[in-house]
Amino acid sequence: DSGVTQTPKHLITATGQRVTLRCSPRSGDLSVYWYQQSLDQGLQFLIQYYNGEERAKGNILERFSAQQFPDLHSELNLSSLELGDSALYFCASSVDGLSSYNEQFFGPGTRLTVL
Amino acid sequence: GESVGLHLPTLSVQEGDNSIINCAYSNSASDYFIWYKQESGKGPQFIIDIRSNMDKRQGQRVTVLLNKTVKHLSLQIAATQPGDSAVYFCAVRWRGNDYKLSFGAGTTVTVRA
Chain H
1 DSGVTQTPKH LITATGQRVT LRCSPRSGDL SVYWYQQSLD QGLQFLIQYY
51 NGEERAKGNI LERFSAQQFP DLHSELNLSS LELGDSALYF CASSVDGLSS
101 YNEQFFGPGT RLTVL
Chain F
116 GESVGLHLPT LSVQEGDNSI INCAYSNSAS DYFIWYKQES GKGPQFIIDI
166 RSNMDKRQGQ RVTVLLNKTV KHLSLQIAAT QPGDSAVYFC AVRWRGNDYK
216 LSFGAGTTVT VRA
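Going down the list, the protein sequences come from chains H and F. The first sequence begins at 1 in the working numbering and counts up one residue at a time. The second sequence begins at 116 in the working numbering and counts up one residue at a time.
For lysine-lysine, the following BS3-like pairs were computed, each having C-alpha atoms within a straight-line distance of at most 30 Å:
1. LYS57(H) x LYS183(F)
2. LYS157(F) x LYS171(F)
3. LYS186(F) x LYS57(H)
4. LYS171(F) x LYS183(F)
5. LYS157(F) x LYS9(H)
6. LYS186(F) x LYS171(F)
7. LYS157(F) x LYS57(H)
8. LYS9(H) x LYS57(H)
Label pairs and their computed distance ranges (CB to CB):
9. PRO197(F) x GLU62(H): 42 to 50 Å
10. GLN67(H) x THR184(F): 38 to 46 Å
11. VAL95(H) x ARG172(F): 13 to 21 Å
12. GLY16(H) x ALA228(F): 43 to 51 Å
Quick caveat, the hints were computed from the structure, so don't treat them as lab data. Every residue gets a Cβ at the ideal spot worked out from N, C-alpha and C, and that includes glycine.
Pulled out of the complex, with its shape left as it was, chain H reads as follows (with noise of 0.2 Å):
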């Protein structure tokens, strides 16, 4: 258990529809990373926030969007989904930014199927 909780676990929903992923960090950890996985592109960086502030951006879709509280939960919502979305979403969390030599902590992910 890496201390990184997300929920929920599987969600099935249609084209066109909005979701929400949630993640809790590890306690302590000030970064939030999202990431998504799919078969054929594997693991890709989406974002991450930094105590609140988003630090860096990857390859995420302007339909995507991420914020990271005050208690540093972070929300991924994903909008106008595409049958292409269908990925596993992983939140992954560390003590300090992506400068620093800390690694990150895989949460379990949150299986997304659009149908």
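Based on these hints, arrange chain F on the given structure of chain H.
Just chain F, lined up with the frame of chain H:
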């Protein structure tokens, strides 16, 4: 940019033998390298990391070797056990990419009893 590739998508190894998983990266400015293990239904789990100022780092039953000359990274697992069956990813970061991690596609290791 940075591209990260693994030499073999799958590896079958006899229990008790040593395993070697390889990874190649493209950017010579990469400064930090991490190996992750992902078991079925779980998130990636940190195994070991190495900074660019090192050539070798050892952990418990694992060794990471870094060859910056040819931009190659390897993970060696000693005395492979059934619990080592998983997908292994290398992750690479470089300052020019805002320190974001780029992941390889993964090598699936299967341990034969």
